[in-house]
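Trainee: Full structure from sequences and hints, please.
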Amino acid sequence: MAKYLFRRVLASVPVLFVVAFIVFALLRLSPGDPAMILAGDGATPAQLDAMRHSMGLDRGIIEQFVIWLSKVLRGDFGVSLITGLPMRDLVLDRLGPSFALCLSTITLAVVVAIPVGVVAAWRQGRALDRIIMSGSVMAFSVPVFIIGYVLILLLSRGLGWFPVQGYRPLSEGIGAFALHLTLPTLTMSAPFIAVISRIVRSSVIEVMGEDYIRTARSKGLSERGVLFKHALGNAAVPIATVVGLSIALLLGGAVVTESVFNIPGLGRLVLEAVLSRDFTAIQTLILLSSVTYVVINLAIDVLYSILDPRIRY
Amino acid sequence: MTLTQLATSPPATGPDRSVNDPPSPSESFARAQLRRVFRSWPVRMALGALVGLVLIAIFASWLGTSDPTELSPGARLKGVSAAHWLGTDSLGRDVYSRAIFGSRVSLVVGLGAATISIAIGLLIGVISGYSRSADAIIMRFMDGVMAIPGILLAIALVSLVGANLLTVLIAICIPDIPRVVRLARAVVLSVRSEPYVEAATTLGTRFHVMIWRHIVPSTVAPLIVQGTFIFASAILAESVLSFLGAGIPPETPSWGNIMADGRVYFQLQPGLILFPGLLVSMTVLSINLLGDAMRDGLDPRLSGRL
Numbered sequence: 001m002a003k004y005l006f007r008r009v010l011a012s013v014p015v016l017f018v019v020a021f022i023v024f025a026l027l028r029l030s031p032g033d034p035a036m037i038l039a040g041d042g043a044t045p046a047q048l049d050a051m052r053h054s055m056g057l058d059r060g061i062i063e064q065f066v067i068w069l070s071k072v073l074r075g076d077f078g079v080s081l082i083t084g085l086p087m088r089d090l091v092l093d094r095l096g097p098s099f100a101l102c103l104s105t106i107t108l109a110v111v112v113a114i115p116v117g118v119v120a121a122w123r124q125g126r127a128l129d130r131i132i133m134s135g136s137v138m139a140f141s142v143p144v145f146i147i148g149y150v151l152i153l154l155l156s157r158g159l160g161w162f163p164v165q166g167y168r169p170l171s172e173g174i175g176a177f178a179l180h181l182t183l184p185t186l187t188m189s190a191p192f193i194a195v196i197s198r199i200v201r202s203s204v205i206e207v208m209g210e211d212y213i214r215t216a217r218s219k220g221l222s223e224r225g226v227l228f229k230h231a232l233g234n235a236a237v238p239i240a241t242v243v244g245l246s247i248a249l250l251l252g253g254a255v256v257t258e259s260v261f262n263i264p265g266l267g268r269l270v271l272e273a274v275l276s277r278d279f280t281a282i283q284t285l286i287l288l289s290s291v292t293y294v295v296i297n298l299a300i301d302v303l304y305s306i307l308d309p310r311i312r313y
Numbered sequence: 001m002t003l004t005q006l007a008t009s010p011p012a013t014g015p016d017r018s019v020n021d022p023p024s025p026s027e028s029f030a031r032a033q034l035r036r037v038f039r040s041w042p043v044r045m046a047l048g049a050l051v052g053l054v055l056i057a058i059f060a061s062w063l064g065t066s067d068p069t070e071l072s073p074g075a076r077l078k079g080v081s082a083a084h085w086l087g088t089d090s091l092g093r094d095v096y097s098r099a100i101f102g103s104r105v106s107l108v109v110g111l112g113a114a115t116i117s118i119a120i121g122l123l124i125g126v127i128s129g130y131s132r133s134a135d136a137i138i139m140r141f142m143d144g145v146m147a148i149p150g151i152l153l154a155i156a157l158v159s160l161v162g163a164n165l166l167t168v169l170i171a172i173c174i175p176d177i178p179r180v181v182r183l184a185r186a187v188v189l190s191v192r193s194e195p196y197v198e199a200a201t202t203l204g205t206r207f208h209v210m211i212w213r214h215i216v217p218s219t220v221a222p223l224i225v226q227g228t229f230i231f232a233s234a235i236l237a238e239s240v241l242s243f244l245g246a247g248i249p250p251e252t253p254s255w256g257n258i259m260a261d262g263r264v265y266f267q268l269q270p271g272l273i274l275f276p277g278l279l280v281s282m283t284v285l286s287i288n289l290l291g292d293a294m295r296d297g298l299d300p301r302l303s304g305r306l
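Those protein sequence lines, which keep their order, are chains E and B.
The first sequence begins at 1 in the numbering used here and counts up by one.
The second sequence begins at 1 in the numbering used here and counts up by one.
It is possible that part of the hints are untrue.
Said to hold, decoys possible - Just some of the chain E residues that point at chain B, by a computed CB distance under 8 Å:
(1) G96
(2) V142
(3) Y149
(4) Y212
(5) I213
(6) R214
(7) G252
(8) L275
Said to hold, decoys possible - Derived coverage of chain B by chain E (criterion: at least 3 residues anywhere in the stretch with Cβ under 8 Å from a Cβ of chain E; other residues may be distant):
(9) 129-143
(10) 147-155
(11) 235-242
(12) 264-275
(13) 283-290
Claimed, not checked - Calculated from the model, a selection of chain B residues having no Cβ within reach of chain E, i.e. all distances over 12 Å:
(14) T2
(15) L34
(16) R36
(17) V37
(18) A60
(19) R104
(20) V108
(21) A119
(22) I174
(23) A186
(24) V209
(25) H214
(26) M259
To be clear, the hints were calculated from the coordinates, so they are not data collected in a lab.
Quick reminder that beta carbons are idealized off the backbone N, C-alpha and C, glycines included.
Mentor: Okay, here's the thing in structure tokens:
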């Protein structure tokens, strides 16, 4: 196990390296000169040269990459081009709202999607299954922000149950915090519920066709017993995969949801960075979310061996 | 990686299921399957909606009631009226006409994204499946691209390179390419050991004949299915990018741009977001239903399961 773990961690290194390279290369795609952007329009040629030198832009591209990478590995992501603040502080500052939103979203998604998927699988081909599956296809065919606006229209403007937009940290009281987080969570979790329930359904159906399920049934186990004791456990691996990958995709979803609901989180930071062409911020945020993806993938692979003892390394 | 990709992938059952072999059913069987699947009414409705959309896109200049880019500052944010069937946006442009012309952008983006990512992905996938030395490097690179959240990569690319239809198209394609590469590579790997391919090799078939006549045909069915899902997710991605302000230039009539314009005035004129949103949703839903139907038809293993 320890040997496998070591090899698996080692295998993620090239992926991380490629990610770092792509993220670094992204900046070079920009037609403008980063020094020019940083120095502003009124800079003299001498100032520009000084700026290029201080940014290391007069060195070779490989050298620049190595310098950048070694800084990143030490946790130094550079300084935001627009605000002048260190990226690390900016990210930490925005982490709270995004973390709250992502945590509530994935919790709701898992709590709703697993039972829904199991029920659909249990009633496979019947009306209830069809309804659930149609709902699932619809939920990921609608742009997320449309779901958000419809919810605002119905529940905030219409019924007045929830505030239209904004965010209150937990420190301002749990009531306000939960009220402000409800609609964004419902919005963001809709496509995740759709996707997770689809995968849960298909994996449970696959498992239900196995011989050991027939054995369990023929030894007189109740349908519920079959489902919970034998089917769900064996369907755990694909379910864990889809939940894990969903977690990795949360930040992407947060960009849209946070901008609809005006939540000052990392997703909004991405958007602000893009709109103000703050390249360091774009780089840092893409890098961080990709690293999250790789780490979660790693965690899922390790989790497999716990969920499914047949998988031995 | 994007959420749609996750939704449309076959279930993984273990850590090393990435190289699963899509079957290549005989053509007559596939045709019979497809006919069966296409008989269901939701699929027929989806097909009808898409045909309608294509017709709207082709005849947009006759269907539109006015120039979709014409500004009339006097008639801003007007409601539904006889002159403006869906009202006007914040610059006084006719929303109905913009929506009609917007269908062109959506179809071009969808079709373009599907074609480009399949063409590039197939090329890279075949190389990767054929050459062991290239394979390791290509697949590590693809893993890297897949690790970057699709939407973040797309908005970063558009904002860095500059927004126009082509950059938006490319930005939408790049996150989809690794999936196509994996699929094509898996097919190549499974077909390579088939007796007919070994026979062709023994007979000294030249490389390009081998690829075109013996390898590529097996990739057609799974890639058509994949292309359909890329089509759908590209339309969704265009609307999200425009909505976030990192899409096609705002004066271009596209569904995403109408919604982006309506964002600030949502409380005043919800129709500006809801109507184009309905169009996007119906279109994407139709294409997804069609994709599901084709997958059920072309890949009987998954029929009724996913």
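Trainee: Now tell me if each hint is right for this structure.
Mentor: Do the hints match the structure? See the list:
no. : hint    : verdict
1   : G96     : violated, 20 Å
2   : V142    : holds, 4 Å
3   : Y149    : holds, 5 Å
4   : Y212    : violated, 15 Å
5   : I213    : violated, 15 Å
6   : R214    : violated, 18 Å
7   : G252    : holds, 4 Å
8   : L275    : holds, 6 Å
9   : 129-143 : holds (count 3)
10  : 147-155 : holds (count 8)
11  : 235-242 : holds (count 3)
12  : 264-275 : holds (count 5)
13  : 283-290 : holds (count 4)
14  : T2      : violated, 7 Å
15  : L34     : holds, 19 Å
16  : R36     : holds, 15 Å
17  : V37     : holds, 14 Å
18  : A60     : holds, 22 Å
19  : R104    : holds, 19 Å
20  : V108    : holds, 18 Å
21  : A119    : holds, 21 Å
22  : I174    : violated, 10 Å
23  : A186    : holds, 17 Å
24  : V209    : holds, 34 Å
25  : H214    : holds, 32 Å
26  : M259    : violated, 7 Å
The structure fails hints 1, 4, 5, 6, 14, 22, 26 (numbered hints given earlier, in ascending order).
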